[in-house]
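Respectively, the protein sequence lines represent chains A and B.
Going by the working numbering, the letters in the first sequence line up with residues 178 to 443, in that order.
Going by the working numbering, the letters in the second sequence line up with residues 2 to 316, in that order.
Hints should not be assumed to be uniformly reliable.
Computed spacing ranges between beta-carbons, pair by pair [stated by the list, open to error]:
1. Pro-35(B) x Thr-214(A): 36 to 44 Å
2. Val-336(A) x Ser-192(B): 48 to 56 Å
3. Ala-312(A) x Pro-127(B): 41 to 49 Å
Facing chain A, according to a computed beta carbon distance under 10 Å, are these residues of chain B, among others [as the list claims (entries may be wrong)]:
4. Pro-87
5. Glu-265
6. Pro-266
7. Val-267
8. Gly-270
Some, not all, of what chain B presents toward chain A, calculated at C-beta under 8 Å [unchecked claim]:
9. Ser-70
10. Arg-73
11. Gly-85
12. Gln-101
13. Pro-106
14. Pro-108
15. Gly-112
16. His-121
17. Leu-297
18. Val-299
19. Arg-300
In short, the hints are calculated from the structure, not lab data.
Even glycine gets a Cβ: it sits at the ideal position worked out from N, Cα and C.
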Amino acid sequence: MTTTTPAPAALGRRRLSRDLRLTFAHFRAQIIEVVRTPVAVIGNLLFPSIALLFFVVPQQAVAGDPVLATAATAQLSAFAIASTCMFTFGLGVAEDRDKPFAPFLRTLPVGVVPPLAGRVLNGILWSFIALVPLALVGGLLTEATLSWGRLGPSLAAVVGIATPFTLLGLAIGYSMSAKAAIAVVQVTLFPLAFAGGMFMPPEIFPRWLDAISRFTPTRGARELFVSATTGAPLEPVFVAVLVGWAVVFAALTALAYRRDEGRNYR
Amino acid sequence: MTTAPAGSNAATALAGSGEAAVVDVRGATRTFGPTVALDDVSLTVEAGQLVGLLGPNGAGKTTLLSLLSGLRRPDSGTVRIFGGDPRDPASRASLGTTPQETGLPDPLRVGEVVDLVSRHFPDPMPAGELLERFGLGDLVRRQTGSLSGGQKRRLAVALALVGRPRLVLLDEPTTGLDVEARHELWTALRSFHSEGATILVTSHYLEEIEALAERVVVVGQGRVLADDSLTNVLATVARRKVLVRLPDLATAQAVSAALPAVSEPVAEGDRLAFLAADADGLVRHLVRSDVAFSDLEVRGASLEEAFITLTKESR
Numbered sequence: 178m179t180t181t182t183p184a185p186a187a188l189g190r191r192r193l194s195r196d197l198r199l200t201f202a203h204f205r206a207q208i209i210e211v212v213r214t215p216v217a218v219i220g221n222l223l224f225p226s227i228a229l230l231f232f233v234v235p236q237q238a239v240a241g242d243p244v245l246a247t248a249a250t251a252q253l254s255a256f257a258i259a260s261t262c263m264f265t266f267g268l269g270v271a272e273d274r275d276k277p278f279a280p281f282l283r284t285l286p287v288g289v290v291p292p293l294a295g296r297v298l299n300g301i302l303w304s305f306i307a308l309v310p311l312a313l314v315g316g317l318l319t320e321a322t323l324s325w326g327r328l329g330p331s332l333a334a335v336v337g338i339a340t341p342f343t344l345l346g347l348a349i350g351y352s353m354s355a356k357a358a359i360a361v362v363q364v365t366l367f368p369l370a371f372a373g374g375m376f377m378p379p380e381i382f383p384r385w386l387d388a389i390s391r392f393t394p395t396r397g398a399r400e401l402f403v404s405a406t407t408g409a410p411l412e413p414v415f416v417a418v419l420v421g422w423a424v425v426f427a428a429l430t431a432l433a434y435r436r437d438e439g440r441n442y443r
Numbered sequence: 002m003t004t005a006p007a008g009s010n011a012a013t014a015l016a017g018s019g020e021a022a023v024v025d026v027r028g029a030t031r032t033f034g035p036t037v038a039l040d041d042v043s044l045t046v047e048a049g050q051l052v053g054l055l056g057p058n059g060a061g062k063t064t065l066l067s068l069l070s071g072l073r074r075p076d077s078g079t080v081r082i083f084g085g086d087p088r089d090p091a092s093r094a095s096l097g098t099t100p101q102e103t104g105l106p107d108p109l110r111v112g113e114v115v116d117l118v119s120r121h122f123p124d125p126m127p128a129g130e131l132l133e134r135f136g137l138g139d140l141v142r143r144q145t146g147s148l149s150g151g152q153k154r155r156l157a158v159a160l161a162l163v164g165r166p167r168l169v170l171l172d173e174p175t176t177g178l179d180v181e182a183r184h185e186l187w188t189a190l191r192s193f194h195s196e197g198a199t200i201l202v203t204s205h206y207l208e209e210i211e212a213l214a215e216r217v218v219v220v221g222q223g224r225v226l227a228d229d230s231l232t233n234v235l236a237t238v239a240r241r242k243v244l245v246r247l248p249d250l251a252t253a254q255a256v257s258a259a260l261p262a263v264s265e266p267v268a269e270g271d272r273l274a275f276l277a278a279d280a281d282g283l284v285r286h287l288v289r290s291d292v293a294f295s296d297l298e299v300r301g302a303s304l305e306e307a308f309i310t311l312t313k314e315s316r
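Bound conformation, chain A alone (with noise of 0.2 Å):
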């Protein structure tokens, strides 16, 4: 394009920091439109709360107890996230390409990665946002705590797990229509939530149970977390689950935004 040939690295740099500021682009637009209509976050960020102060709080063995309280309020804190994102991104996209401007923007010189990093930021954004009920209640009405040094890894953690259900979300939201988006999101995320003990704790599940539960990125989510908050020991497999999953969901994204032709054009 321009005159001059610069050196390979010079263009990989001047790439690079041209996707970050176009990725940071998306993420500002994609923050404002839902900050200038809310509602449609709330729902989903007051039910882990919720759930927390009917299932929880009134339980004294577990409410009364700092550790149990605490990994009760970290599983469903993790789910709280996953259920943000994919909610969030699964439908919000899904819906976005009905409108005219999402092709619009896929006119626009950039690629790939740009437009769905900015997504995945939002997933990180919104899932600190969604844990802050859910850190009053616990915090507040039952024994959970989160000491000083425990506050990093926990931070670290909502990213590690926001990032792997955000694309998973953007994976459903680019493969299909908004109505079959909202179904598959809902028929997706309760089965995997409560297999990956998001609702109840593995140590309950029978052993065929907790055999399949390994596998499933929200059980991994669900020990990350809970390891994160409480500072019990991680088992490494959950980590390579985990992140084995993302590298599945972003893979699937990239392909489901490649094929995706928008559906307002004929």
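We have chain A already, so just place chain B on it with the hints.
Chain B in isolation, oriented as in the chain A frame:
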């Protein structure tokens, strides 16, 4: 002047400068299920041309633009802009398009939308200058959801020009605008074209194509029916409609068979309608052959009617 599909492309014969054509479509076919949206379409556009794509709704204009903007790929054939595949983002660095309809993200402010789009280009037009040019200077802080239809339409076209593109694709840019707004937009487009941009504009309004285009490509049922200068296409498309009562259908069919460029008769009310390039010739023929006709009426044919005859003739 005959109706010449693709291939014989007088307006583009001057290529040969070694540089890739701005638009180069070869044998592009695209189907959607059972519908053939584009059927073996070829089209070359050289730098600096202002080409009108004219055709009825459903002719394949939008599908052709979606191939050129990289949104879709053809089932067969090749599509190139600036010599590259439009599916590759780098090929789209000098491309400008508009959102379909007036589809803008409602919650975003005008300035925010322009900012998001302009960040994708190396040397974008300053937002202030761009918005002034389209009479939107006062609306920077307004959310796009609160704009009127005309303002949205103007913003949509402005978005196509943010990146100082060398190729602009406009799909029905003035649909829904009042006459004054339409003329303002045409003026803005002509001025942008005079700065050297290549523009491809679709419309099903003949008036719009007359006001903008130098070269006209007529598309119907997914195929290129005519590709020529504005004057020549206007002559092809200009048809007269002759309504007349005739003794029987056989007589009518004999009339259309005897004359070139006269369509098959179609019943309209209790009369028969012909579309003719030379309506006077048709009337002379009726008189000369002493056919017992009555209730003769000659009037201009609509563009839609003209397209139907073009489509039939090219078969």
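Hint by hint, here is what the structure shows:
At about 39 Å, the beta-carbon gap between Pro-35(B) and Thr-214(A) stays in the expected band of 36 to 44 Å. A hinted range of 48 to 56 Å for the beta carbons of Val-336(A) and Ser-192(B) is consistent with their spacing of about 49 Å. Between Ala-312(A) and Pro-127(B) the beta carbon distance is about 45 Å. The supplied range of 41 to 49 Å therefore holds. Annotation: interface hint on Pro-87(B) holds; nearest CB of chain A at approximately 8 Å, less than 10 Å.
Hint status for Glu-265(B): violated, given a least beta-carbon distance of 29 Å to chain A, over 10 Å. Against a cut-off of 10 Å between C-beta atoms, the interface hint on Pro-266(B) is violated, since the closest Cβ of chain A lies about 33 Å away. The interface hint given for Val-267(B) is broken, as the beta carbon of that residue sits about 28 Å from the closest beta carbon of chain A, more than 10 Å. Because the closest C-beta pair between Gly-270(B) and chain A is about 33 Å apart, greater than 10 Å, the hint is violated.
Given hint, Ser-70(B) at the interface with chain A, holds; its Cβ is 4 Å from that chain's nearest Cβ, closer than 8 Å. Taking 8 Å as the C-beta contact cut-off toward chain A, the hint placing Arg-73(B) at the interface holds, the least distance being around 5 Å. Interface hint at Gly-85(B): violated, since its Cβ lies 11 Å from the closest Cβ of chain A, which is beyond the 8 Å cut-off. Interface hint at Gln-101(B): satisfied, since its Cβ lies 4 Å from the closest Cβ of chain A, which is below the 8 Å cut-off.
Of the supplied interface hints, the one on Pro-106(B) holds, with its beta-carbon coming within about 5 Å of a beta-carbon of chain A, less than 8 Å. Hint status for Pro-108(B) relative to chain A: holds, with the closest Cβ pair at about 4 Å, below 8 Å. For Gly-112(B), the shortest C-beta to C-beta distance to chain A is roughly 11 Å, which exceeds 8 Å, and the interface hint is violated. At a threshold of 8 Å, the smallest CB-CB gap from His-121(B) to chain A is about 4 Å, leaving the interface hint in force.
Using the Cβ-Cβ criterion of 8 Å, the hint placing Leu-297(B) at the interface with chain A is not satisfied: the shortest such distance is roughly 41 Å. For Val-299(B), the interface hint is violated, since its Cβ never comes within 8 Å of a Cβ in chain A; the closest pair sits about 37 Å apart. Hint status for Arg-300(B) relative to chain A: violated, with the closest Cβ pair at about 33 Å, above 8 Å.
The earlier numbered hints that this structure contradicts are 5, 6, 7, 8, 11, 15, 17, 18, 19.
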